[in-house]
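If you follow the hints, you should be able to join the two separate chains into one complex; please do so.
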Amino acid sequence: MADLDFQKQALAHLDALYNFAMYLSKRPSDADDLVQETYLRALRFSHRFQPGTHLRAWLFQILRNTFLTFYRVREREAPVAEDGVPEWDVPMFHHAPEDDGTAMDAHTDLERAMRRLPEEFRTVLLLAEVEGLPLEEVARVMACPVGTVKSRIFRAKERLRGMLTDYETK
Amino acid sequence: MTERFDESDESLSRRLAGLPRYAAPARLRVSIVEAASPAPRRPIWLSPLLAAAATTMVLALLVLPVLPRITPADPVQRYVRAVVSEHSRTLMWGARHGEILPTALPWLTEQSGIALPKVFVGDERLTFVAAEPVYLERQRGVAIHYRDVDGHMLTYIALPAPGLAVPDRARVPIGRWRPALLRDSGFASWVWKQGDVGCFIVSDMVSADDVERFKEYFTRIRSTTEPVPAH
Chain A
7 MADLDFQKQA
17 LAHLDALYNF
27 AMYLSKRPSD
37 ADDLVQETYL
47 RALRFSHRFQ
57 PGTHLRAWLF
67 QILRNTFLTF
77 YRVREREAPV
87 AEDGVPEWDV
97 PMFHHAPEDD
107 GTAMDAHTDL
117 ERAMRRLPEE
127 FRTVLLLAEV
137 EGLPLEEVAR
147 VMACPVGTVK
157 SRIFRAKERL
167 RGMLTDYETK
Chain B
3 MTERFDESDE
13 SLSRRLAGLP
23 RYAAPARLRV
33 SIVEAASPAP
43 RRPIWLSPLL
53 AAAATTMVLA
63 LLVLPVLPRI
73 TPADPVQRYV
83 RAVVSEHSRT
93 LMWGARHGEI
103 LPTALPWLTE
113 QSGIALPKVF
123 VGDERLTFVA
133 AEPVYLERQR
143 GVAIHYRDVD
153 GHMLTYIALP
163 APGLAVPDRA
173 RVPIGRWRPA
183 LLRDSGFASW
193 VWKQGDVGCF
203 IVSDMVSADD
213 VERFKEYFTR
223 IRSTTEPVPA
233 H
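Protein chains in written order, with the numbering used here: chain A, 7 to 176; chain B, 3 to 233.
Next up, chain B with everything else stripped away, as it sits in the complex (with noise of 0.2 Å):
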């Protein structure tokens, strides 16, 4: 009995010895290696770089909007910028008391201290759209807007300035006159000298066939206007 049994259990050891093999496939060692393999390193330096990049960002986006504005030191360009944001104002908001002129000419003289003895009311290539009281470098003046038949927003701005001198590099003749065209912010500004009344043309009418447009509005405005101080 013995003997029978261990005759058949070193059979069945060969038999189990034999049993088909199984080889692993080859991708499966590729998928193990690089599974195992280290995930390439950041260099040393670059966490602290990132975090100070970081962190500066944050800072300067504190403290951006805290910082004072830088003026031009211009005077003119100081008169441009300060005339442009009175055209983006209008343009974002509109005028604040529109008015038809004429009518409104006495209360914009009280209002303002320009007197209009003859201005510029609209034709057929500008419409007035409204006219109003501003308060620009310390001066009180007078702003009326127009819109042109391409949908252009022109706006005139007339306000003392004694002192302020039209660079002669960027005068442009215009028949008998000789304004300086300025840009600034995208806009550009018509800027001329009516006796201690500086005068503003601001439109975003930058392009070369826009600016001869410009100089023909302006031709409209400045040969029919007349601003004065009123006291």
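Next up, chain A with everything else stripped away, as it sits in the complex (with noise of 0.2 Å):
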């Protein structure tokens, strides 16, 4: 078990995992599961985080597999919609107490357009432009290199760009 110097600095964090957290699953009992796993598994594999790295791009990395995880399990069981996205209605965890009724609102076009982008844009975006991670963390956390996080950040603009265009127009 972690330590508590460790558990404080961690917990430091917890305002912005949540608030990722919160942006992926887009409803408060699935960020509340998730943050929570999130602390349980750092907490738990705190050994292997190494002193002197960016420990809230660790945690941020943590989140993401995690969310991943159970993202994809739930891809798998819950009903697929006829255009192939699933629904995001179904709960995340399947442990998730009584939901509180309504996924997290929009209240922006700008907060619809992130809605609907596929989640390695979404996540960028929330990485580099909303936590402001360096784009060397946002790759770490990305597991990928830091060309493909320029890529992603640009390509994730374009259909933002795109999608308020359309909203502007209807």
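In case anyone wonders, no lab produced these hints; they're calculated from the structure.
A few of these clues could be false.
Taking lysine to aspartate or glutamate and the EDC-like style, the derived pairs with C-alpha atoms no more than 16 Å apart in a straight line are [claimed, not checked]: (1) A:Lys14 / B:Glu36; (2) A:Lys163 / B:Glu36; (3) A:Lys156 / B:Glu36; (4) A:Lys156 / B:Asp11.
Structure (structure tokens):
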């Protein structure tokens, strides 16, 4: 089990991780489970963390891996819509407590557009533009080269612009 | 083209940075801290202690049944325990050879070595149940079983006991007799001697009210029963 010092350092990033989880999972109950699972894993495997490296990036990486693990499980089990996109209404965690009813509301067109982005585009924008992580750290979280991160950011913004233009014209 | 793109890129970055942020609920922090807290550890000495206690218990369960039974050193208590055991056996399994007195007397005398020139065969309060020979304390004897109107079983036992000394401290005056009242294993026993024959009446009548009736039953049996060695 992690020592108290590590636990304290890790909990300093709780709000950032929760925000990231909300944009990834889009449901408060799923975000709760996702963050809690992330911390349990991080604290259990704290000995693998290399001191001096970016703790926040390490935690983001665990959270994303956890999300993808559960997302893939859900994607296999959940009914798939005709367009091949899984339904977001299905809870990500099967043991999730009673849902609080609604998924996260999109307050702006930008949020709506973010919600529609594929996960790898959404994640790079959240990490690089929202959380302000350096591209090297984003690359570590995404487990890909920095060049790929740059490319994904560019393409993600292109898609966002297209969707925002659509919203404006409607 | 490039300028227009760069400008909109910066603008989009600013808008992304201004997206609403979601703060973690307080209960989430609490639940994480609770989940991460190590469970209270048991004292280091507790596990060996529990293991030793469990081992001792198992050994005791294995050894106890093969230990020799502790027999009372007092001869009177030994007799009382023996007649109580015989009474308990009767309660559980019944008398082995129930016969109606006095038709059974010749056979009973032959088997038990105790002759009964006079014997209590029951009345309106006590009903005769059975009579049978017994072997207690290395002596042959006779046992007669009765049941009273309330369902209490009584066992009268007579067997040779030349060395038996009735304890004075336990004697109870009943009319012209002074039998001893002794208790063992939840049963009460009248103990007295007639010549060299030790006599006992056992019952579960142990409460104060029951003892008064038990005295009456003693009187009925004692006044009408005369055991003597047959040979």
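Against which earlier hints does the structure fall short, listed by number upward? 2, 3
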